[in-house]
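Asker: Since the structure of chain Y is provided, determine the placement of chains B and L on it from the hints.
The lines below spell out each chain.
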Amino acid sequence: MNEYFILASILFALGVTGVLMRRNLLVILMSVEIMLASSNLALIAASSHVGNLHGHIFVLFNIAVAAAEAAVGLALIVIIYKNKKTENVDQFTSLHG
Amino acid sequence: MSSYLIYVALLSPFLGFLIQIFLGGKLSKTISGTISSLAVFVSFLASLFLFFEFHNVSFSHTLFSWFDIGDFKADFSVKIDQLSLLMMLVVTGISTLIHIYSTGYMHEDPLFSRYFGYLNLFVFMMLTLIMADNLLLMFVGWEGVGLCSYLLIGFWFEDDFKAFCGKKAFIVNRIGDAAFILGIFLIFSLFGTLEFESLYTSTLNRSPEMGFGLLSCITLFLFIGATGKSAQIPLYVWLPDAMAGPTPVSALIHAATMVTAGVYMICRLSFFYDLTPIVQNIIIVIGMATAILSGLIALTQKDIKKVLAYSTVSQLGYMFVAAGLAAYGAAMFHLTTHAFFKALLFLCSGSVIHAMNGEQDMFKMGGLKNVMPITYLSFLVGALALSGIPPLAGFFSKDTILAFAFAKSPLLWGLTAFTALLTSFYIFRALSLTFHGKLGNIHAHESPSSMTVPLVLLSCGTLLVGFLGLPPMFSHLFHVENLFEKFLGWESSLHLSGQTEWFLMGACSALVILTAYTATKLFSGDKAKVTALKNKFSKLHTLSENKFYVDEFYDLVFVKTAHKKAQFFWEKIDIFVIDGIVNGVGSLGRNLSILLSLIQTGRVINYAFMMFLGMILILLYLVKL
Amino acid sequence: MDLLLKHFLSITIFLPALFGLFLFFIPQSKTRFLKFVSLNGSILTFLMTLGILCYFTGTAEVQFVEKYSWIPLFGVSYFIGIDGLSLYLFILTSFLTPLVLLYVSPEEKKLKPFLILILFLETAMLGTFAALDLILFYIFWEAMLIPMYFMIGVWGGEERLYATIKFLLYTILGSFLMLVALIALVMIHHSTTGVFTTNLLKLYGTPLGSLEMWLFLGFALAFLIKVPLFPFHTWLPDAHVQAPTEGSVILAGILLKMGMYGLFRFALPLFPQASMAVTPYVVTLALIGIIYGAFLAWAQKDLKKLVAYSSVSHLGYAVLGLFVLNHTGVTGSLVQNISHGLATGALFFIVGMIYKRTHTKKIEELGGLASSCPKLFFFFLIATLASIGLPLTSGFVGEILCLFGAFQEYGVQGFAWGGETLINIRNIIFGTVGILGVLMGAIYMLNMFQKVMFGKPKFEDLKDLEWKEVLVLTPLIIMIFSIGVYPKLLTNKMENSIDHLVKNVYKYSLTTLSFPPEALGTSGNPESEATSKKD
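Chains as they are written, first to last, in this note's numbering: chain Y, 1 to 97; chain B, 1 to 625; chain L, 1 to 535.
Just chain Y, with the same shape it has in the complex (with noise of 0.2 Å):
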């Protein structure tokens, strides 16, 4: 049981430190839907270690909601790229106060 847990946080770390870390957008978006897998991971594995079907139904959930989160994030990132010229975050700071 433990296995999967252990699994499931190096997968989330890993994302997260790619979201830190990484400059690409891409990398970014990627990053970040390892560390949904990585949580769908552990929720499947919770799930049947209790025994019933609400993580289940979670994870269903999760995995639609990332496919349209995916294909929206891609969107927006295509005409930022189309806009910008770059894929480099740091260029992306007309949210500074």
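Misleading hints may appear alongside valid ones.
What the hints assert, rightly or not - What the simulated footprint calls covered on chain B by chain L, stretch by stretch (three residues with Cβ under 8 Å from a Cβ of chain L suffice, anywhere in the stretch; the number is not a length):
hint, segment
1, 63–72
2, 136–147
3, 222–229
4, 238–251
5, 377–387
6, 418–424
For the record, the hints were derived by calculation from the structure and aren't laboratory data.
The beta-carbon is built from N, C-alpha and C at its ideal position, and this holds for glycine as well.
Answerer: For chains B and L alone, kept in the frame of chain Y given last:
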């Protein structure tokens, strides 16, 4: 019938005012002047009828209810009694003459109808003041005449100085008015009424105040009001400047009528003043000091109107001395005779100024005697009356005051007599400088009849009015009663032996005549002697010529200081302190937000890191639990 | 017809807004028609308020009442009515608005929204004066801010943004405090009676115990900022200077009166003990304000700022008269309000007219206007005289009654001076300081008048007032004199309401509270509740 006459007397000048203001521009000058003069003349006639009908009764008539709020009541009602009837006659009578005179004097002025409008409004306000049945209504007239005076002094407003003089008059008057209204407040708090009649009844069983009590406070405040309106120390400074107005205005407002309002008010409230001996003494001192000071200033003035202005201040001082001596009859008598001869003198000077095309410096005049005979003779009558040379008007009224002064203390008599000498000196100086000597290279001419007729009428008045109030020893001699005092109901309470009085009168008259003669000789002849005399007393002369620097002193001590305060309040307190706090609170918020916004770098990575950090913190918190 | 009579007051209040809505459908380009419609709307409103005046009987009761439940859960209702306190302010509002609309030039930029704002503002102002439900009042009160904000912010002068923000923040600060106090008041009423209500008449006399002072301060601060009382006045000069003439007139003529009205209607009768306790402090501030405003007006170089600071001074009298809490003083306070609305309104109109001709408001740059503009001279003169309180103008009536009131207050307490025991030294100070303000008024107004109107003409070919401008000023001048000569015109119908107010404040304030409120903490809750239950 009677109440109808009251309305006519009071409202006909007001109607004249309305006509002038609303239709004035469309009327021709002749019609406009006639309407105004007629309006005042009708008022005079009405007063005359009222006089014959009511000269021995006293009543009040309510026009309408004015204030009636809680226990505070004041009606718009008029009081008809001997005192107000006398003043009404004097005011409307002299006003009529001056209106007629003005039609000639102001004939060239483009704002002719506005001038007459103001003049009519003045008469209305003055009548309100006189006829008022309560103090608040009196205050209406009191302020109203101040307003008219302001408008008329600054009538030629394109001249900055004249506009300034008008403003000065109004503001100095307002200082007095402020004290006056404070007096009204005190009276109301103390007696709960402002009507003269009920005030009189509530003072009946009071004994005179020994110390300086509340009643003294009231009378003193009212007297301060009077010093403003009647140009006494310390508020006399506006009157000489008021000469910036047209000369008929000086004659009417600043010599004959408005400035005597203070004396009238004290006589009206004599029952209060009788109860406050301390204030009475203050009045005597102030009146005497004013009389002497302005007499000294008048000695050296070059402007003919300034001489007359200071003379007015001085004569008003006389009236106050009389009022302070509780010789109200004498004060009112001097007021009446003064109204005649001072109006006469001013109108004469106006006639001269008119002839000289606006020149007012006496040293540039001279020798007008033959060119303007009527004006000259009238001026001479006025000067003789002012100096108190028998048997003209001023002699009787001044002598009565002198007698009362002697009864109080010989010193006071000495001072009043000294002032009489000053008076006679400066007025004959003015007369000689203007009319005697050599005719300069000027084209002067006698004034039109619209101006000379009032002069002649006023001269007659000046010659005759004195006989109305003969002092006791004359009345014994000729078996004629003192009509004036009998009419007013203030029988003279003077007990001097006949011999003393004859002696005083003789001594004073002889001295006055001597001074008049000296002055005439001195200033009619060559100017070298005058210059020599001037050099001999050069310091005194400069002091007097510069009016003892009172104006400068006031300006420095009061006006400049207060204005600096105003600047200080605005720039330091309002902008710096209050707005500083307000803006400070605002900018504090803004600076705080600027500080906080430093965290908002705009980089996604930073935000993500923050989020992560937050998650960890929450986790730690949960774990610890 | 029946409907009209039944809802007469509501219709009067919402009529301007209806006309405002109608304006939306008129194209921007038809300027004359826009003006015609809006003017007629406001005149119609004025006529309806005259109807209210005619049918108003001079009793103390609230009349023309309309009441409908609105949010029953919290007892909020649509509850309006008119009594002697609000009657004349109500009429003043509908009287000034047509004049303002008449003054608006058809060439004004963005005319349509301007007119619409003025009409909506009128509805909000009328509603504020008529509302008898706290929530309804609050809504109208806040609704006034919006049009005013835009009027200054869009049509204002060069520093309009600073002025609008200052104006808004000052007022909103006050309003929020009032809202908090309002909710607290309703909650306390609920906890003592078990009924939720925001009906003002039912809330009168709620025993509040030691909280009364805090609630009073919450309400009073909102109103005193609006008056404005020294030292909360600094928004006023900025707002006035930046506002367009129409805005200045409404601001000075009506909006400032809201503050005074709020004190009359809410602060004093709801919290009588607290009002009695703070009287010396408020009166002191009012006296300071009178003198301070006058001094500041004297130092000003800008015409509008001068008039604005003179308002601080004049409304000081109104606060003074109100807080001495006797019949004369309170009447004087109301009259002073009306009179200030008329005189200062006229002055702002005149300043606007001068600006239109000379394009400057700097006193130093003006001069000699009297030579070429005799009509302007007369109107300006009369407005100036009314402002300095010359007898027979309305200003005199207001000031003299306020000062008389101040002089009567405490008149019964012993003070021995020269054997008399009738007059308190405090009265003499009140009176003297107040009188000093009157004196100062003459100084700064006449100083300004001389510099602007007299002297050598500095401008060539100035046009005198047009008939339209004369039409704007004449009603104001007529009212100034009418009130001055016959003050009963106003005082007759307000007498009973004022009597009622004064008596009520005294009735509920038999026990006295201490001030400042910090001292309350020591006295403890139960005690003060016990004392307040006595009455």
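Asker: Each hint should be assessed against the structure and marked as holding or not.
Answerer: Against the structure, the hints:
1. Counting residues of the segment 63–72 of chain B whose CB lies closer than 8 Å to any CB of chain L gives 9, which reaches the minimum of 3, so the coverage claim holds.
2. Coverage of a stretch by a chain is defined here by at least three residues with a beta carbon nearer than 8 Å to that chain's beta carbons; for the segment 136–147 of chain B and chain L the count is 6, and the condition holds.
3. Counting residues of the segment 222–229 of chain B whose CB lies closer than 8 Å to any CB of chain L gives 0, so the stated coverage by that chain is violated, three being the minimum.
4. Residues of the segment 238–251 of chain B with a Cβ under 8 Å from some Cβ of chain L number 0, which does not satisfy the need for three, so the listed coverage is violated.
5. Counting residues of the segment 377–387 of chain B whose CB falls under 8 Å from any CB of chain L gives 0; the rule of at least 3 is not met.
6. Look at the segment 418–424 of chain B against chain L: 0 of its residues bring a Cβ nearer than 8 Å to a Cβ of that chain, fewer than three, so the hint is violated.
When each numbered hint is compared with the structure, violations occur for hints 3, 4, 5, 6.
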